[in-house]
Amino acid sequence: NAGVTQTPKFQVLKTGQSMTLQCAQDMNHEYMSWYRQDPGMGLRLIHYSVGAGITDQGEVPNGYNVSRSTTEDFPLRLLSAAPSQTSVYFCASSYRAPFFTDTQYFGPGTRLTVL
Amino acid sequence: AQSVAQPEDQVNVAEGNPLTVKCTYSVSGNPYLFWYVQYPNRGLQFLLKYITGDNLVKGSYGFEAEFNKSQTSFHLKKPSALVSDSALYFCAVRESTSGTYKYIFGTGTRLKVLA
Chain A
116 NAGVTQTPKF QVLKTGQSMT LQCAQDMNHE YMSWYRQDPG MGLRLIHYSV GAGITDQGEV
176 PNGYNVSRST TEDFPLRLLS AAPSQTSVYF CASSYRAPFF TDTQYFGPGT RLTVL
Chain B
2 AQSVAQPEDQ VNVAEGNPLT VKCTYSVSGN PYLFWYVQYP NRGLQFLLKY ITGDNLVKGS
62 YGFEAEFNKS QTSFHLKKPS ALVSDSALYF CAVRESTSGT YKYIFGTGTR LKVLA
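For the record, the sequence lines run as chains A and B.
So that you can map any letter, position 94 of the first sequence is 209 in this note's numbering, and since no number is skipped, the others follow by simple counting.
So that you can map any letter, position 34 of the second sequence is 35 in this note's numbering, and since no number is skipped, the others follow by simple counting.
The hints are simulated quantities; they were obtained by calculation from the structure and are not laboratory data.
Note that the structure is predicted; figures quoted are calculated from it, not measured.
The C-beta atom is built at its ideal place from N, Cα and C for all residues, glycine as well.
Any given hint could turn out to be false.
Claimed, not checked - Straight-line C-alpha distance at most 35 angstroms; calculated DSBU-like pairs for lysine-lysine:
#1 103(B) to 70(B)
#2 113(B) to 124(A)
#3 70(B) to 50(B)
#4 103(B) to 129(A)
#5 124(A) to 50(B)
#6 59(B) to 23(B)
#7 78(B) to 103(B)
#8 124(A) to 103(B)
#9 124(A) to 23(B)
#10 124(A) to 59(B)
#11 78(B) to 124(A)
What the hints assert, rightly or not - Residues on chain A that point at chain B, a partial pick, calculated with CB under 8 angstroms:
#12 117
#13 156
#14 212
Looking at chain B on its own, in the form it has when it is part of the complex:
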């Protein structure tokens, strides 16, 4: 079965410092990877996705993600964190089983940016 793992439940970073939220994946075939963000009491919002092409994907709100095939990782990054980036972040992968396609989400990483 295909899956994603987010090894950190929480990441703390000081405002202005770079941030990284980690995601590793396990898929058969080409990976299709996504990052979503959830602010308190809100639904998830799309940040970015990797389908093919450049390993560095740029997304919304200054976020980017680096696809690394050899390490099967898709880490989310931002050069300078803002307090307003504090939220719950989900990595997701498109899974295919017997010709049916679904999205599988990780368990989420809570990012806390400290002023």
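Pulled out of the complex, with its shape left as it was, chain A reads as follows:
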């Protein structure tokens, strides 16, 4: 199993540009989520999905969109990049939703810089 994969590893954007961060998992996990990691703030939940076709907002959803058309993929779209979105983004998945306290598996991250 490849586990959780993310592309790209690094990205530089100009303010106002849009882009999609890709996330895929091959473990048939129902639950997938996106976090951003900022110094001194830990990981903050952006959006999550409990299954194909079902998404919801996390703690910091503004400026981001997600969709879940398949079990495997959970892309994160930045609609109009802002310098405040400079961060490291992690995708994570678990077999079931957090109610079941299953282990989360994290991707390697995407380091995004917005100029």
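Please arrange chain B on chain A, whose structure you already have, making use of the hints.
For chain B alone, kept in the frame of chain A given last:
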């Protein structure tokens, strides 16, 4: 709101000495607590979790954590630190709000093991 706190930004310990990384929590109801480790330029990896049962939880790489309900703490410990344990450690708690469950992460503690 439920939360976790990691009061130390950094912990330094000599190789071979015992280590402790602190975590305190605030939850309503039963706590479900986790420790993750992040090595440089990598995603987070699961170490251990407390759901119920014994207050001493054993995890990966020789780590263990002690759940203390009266002190609302879940400190991570290891009897003998290795230089390779140097990493960023995150405590997390499962939060529930209006029937929706999410994970809340602490701000992280950087562990530096000195040779």
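Results for each hint:
no.	hint	result
1	103(B) to 70(B)	holds, 21 angstroms
2	113(B) to 124(A)	holds, 26 angstroms
3	70(B) to 50(B)	holds, 15 angstroms
4	103(B) to 129(A)	holds, 32 angstroms
5	124(A) to 50(B)	holds, 29 angstroms
6	59(B) to 23(B)	holds, 16 angstroms
7	78(B) to 103(B)	holds, 25 angstroms
8	124(A) to 103(B)	holds, 26 angstroms
9	124(A) to 23(B)	holds, 31 angstroms
10	124(A) to 59(B)	holds, 33 angstroms
11	78(B) to 124(A)	holds, 32 angstroms
12	117	violated, 13 angstroms
13	156	holds, 6 angstroms
14	212	holds, 6 angstroms
In the structure shown, a violation is registered for the earlier hint numbered 12 alone.
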